[in-house]
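Novice: Just so you know, the protein sequences line up as chains A, B and C, in that order.
Okay, so the first sequence: first residue is 1 according to my numbering, each after it adds one.
Okay, so the second sequence: first residue is 1 according to my numbering, each after it adds one.
Okay, so the third sequence: first residue is 1 according to my numbering, each after it adds one.
If you are wondering where the hints come from, they were derived from the structure by calculation, not from laboratory data.
These numbers come from a predicted model, not from an experiment.
Warning: the hint list may mix true and false statements.
Have a look at the derived ranges for each label pair, beta carbon to beta carbon [stated by the list, open to error]:
hint, chain 1, residue 1, chain 2, residue 2, range
1, C, E101, B, G54, 52 to 58 Å
2, B, D62, A, R49, 28 to 34 Å
3, B, A31, C, T66, 40 to 46 Å
4, A, D36, B, D62, 37 to 43 Å
5, B, A30, A, G137, 32 to 38 Å
6, A, G143, B, G54, 33 to 39 Å
7, B, D62, A, E168, 24 to 30 Å
8, C, G84, B, D114, 38 to 44 Å
9, C, G12, A, V98, 27 to 33 Å
10, A, D40, C, Q97, 27 to 33 Å
11, C, T102, B, H74, 37 to 43 Å
C-beta: ideal position from N, C-alpha, C; glycine also.
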Amino acid sequence: MASSAHTRPLSDIEIRVKALESLLVEKGLVDQAAVDALIDKYEHKVGPRNGAKVVARAWVDPEYKARLLAHGTEAIEELGFSGMQGEDMVVVENTADVHNVLVCTLCSCYPWPTLGLPPVWYKSAPYRSRVVIEPRGVLKEFGLELPEATEVRVWDSTSEVRYMVLPERPAGTEHLSEDELAALVTRDAMIGVTKVSK
Amino acid sequence: MSINAAQAIGASNSRGGSTKLDVEVAPRFAAGQRIRVRKINPAGHTRMPQYLRGCEGVIAQDFGVFVFPDTHAHGGDQKPQHVYSVRFTAKEVWGREGGERDVLLVDVWDDYMDAVP
Amino acid sequence: MNGVHDLGGSDGHGPINPEPNEPVFHEEWEKRVFGMFLPVAATGAFNLDEFRHAIERMGAPSYLNTSYYEHWLHAFETLLVEKGTLSAEELAARRAQIAQETH
Chain A
1 MASSAHTRPL SDIEIRVKAL ESLLVEKGLV DQAAVDALID KYEHKVGPRN GAKVVARAWV
61 DPEYKARLLA HGTEAIEELG FSGMQGEDMV VVENTADVHN VLVCTLCSCY PWPTLGLPPV
121 WYKSAPYRSR VVIEPRGVLK EFGLELPEAT EVRVWDSTSE VRYMVLPERP AGTEHLSEDE
181 LAALVTRDAM IGVTKVSK
Chain B
1 MSINAAQAIG ASNSRGGSTK LDVEVAPRFA AGQRIRVRKI NPAGHTRMPQ YLRGCEGVIA
61 QDFGVFVFPD THAHGGDQKP QHVYSVRFTA KEVWGREGGE RDVLLVDVWD DYMDAVP
Chain C
1 MNGVHDLGGS DGHGPINPEP NEPVFHEEWE KRVFGMFLPV AATGAFNLDE FRHAIERMGA
61 PSYLNTSYYE HWLHAFETLL VEKGTLSAEE LAARRAQIAQ ETH
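One chain only, chain A, in its complex shape (with noise of 0.2 Å):
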């Protein structure tokens, strides 16, 4: 039997996708080379290390965590990061009084210089809706259980400012350097869904 480029029929929504991009090749208006290009970086060199290298800097340098909390973006760019989806930068704190959680109600606006993209439950209906009426029943459901004292605040991305958490630093982590630090760091912390731990 000879060789197939395919082992099944492609499906519906297959055919649009191959459809729309072979006529906007034809057309002049999309170049492959470019589609693959952005494919690349974001599946392969931008998502939560970068952010996580924020955090870990913030809490071994005083003066970036300031210039960051200030100056979100600038401040974000001094370590590399920048670009689409990240042009306008917030940074929130947690402390032991404030829990910051982020979501977008209306789409799925998400950091992507820091964080990469968002996972589908970001995107997802049950968390969109859910986190801005009960913000601590959601963030039992990722293993979180907040004092009743600490004040959440959740902050629904309507504009084109994106936010990211700088969460808390772990206690007993004194010793770790900044790369080791870093990796504590993980992308739902930086979400405000969870808590970093050591």
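Let chain A serve as the given structure and place chains B and C on it in line with the hints.
Specialist: Only chains B and C this time, still in chain A's reference frame:
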């Protein structure tokens, strides 16, 4: 007409997509001021969520002048105006079901608000 | 518009169910849709607010029953046809041709 790979990566690394505008527009509000979100129900695009319409909040911070999405989505008029971070208590927004110590911080354009006297 | 995309405070959407070790993309076609956004937007074919509104206009059942990158695909198809970059007929003809070739 199409951009090549280097141009695409360059654009994705740049702040070129920012909708912040370098133009002088007088802010309608100042930090600390009480506002009420207008009860609007436009047929077209808007970035003012329904759950906040009619609610009172306090201006926390002025982010500067940005493109106004309600006009930009319909014909491209930028209608430059200020965007603010506005703080709402969960009690104000949700009533009895709102958490005692929970607050919402939402980005709101000038055209979506009135001052509370 | 008071669309179903405006989700804040609404009930009945079920549990959140985060996926452990989730990949950046789940399907090859999602990558192509994602990768086309910046190049097409850079031609001036549409702005981001028009793109978001095209998703909002897709209708409540479709919005809730399709994935994020299907929303993007819908917005591309809607806006590029509305603005005359592509015609609905050439899209339909190309789909039929691809379906036949890959059957």
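Novice: Determine for every hint whether it applies to the structure shown.
Specialist: Evaluated hints:
no. : hint                            : result
1   : E101(C) with G54(B): 52 to 58 Å : 55 Å, holds
2   : D62(B) with R49(A): 28 to 34 Å  : 33 Å, holds
3   : A31(B) with T66(C): 40 to 46 Å  : 41 Å, holds
4   : D36(A) with D62(B): 37 to 43 Å  : 41 Å, holds
5   : A30(B) with G137(A): 32 to 38 Å : 35 Å, holds
6   : G143(A) with G54(B): 33 to 39 Å : 35 Å, holds
7   : D62(B) with E168(A): 24 to 30 Å : 28 Å, holds
8   : G84(C) with D114(B): 38 to 44 Å : 40 Å, holds
9   : G12(C) with V98(A): 27 to 33 Å  : 31 Å, holds
10  : D40(A) with Q97(C): 27 to 33 Å  : 29 Å, holds
11  : T102(C) with H74(B): 37 to 43 Å : 39 Å, holds
When each numbered hint is compared with the structure, no violation occurs for any of them.
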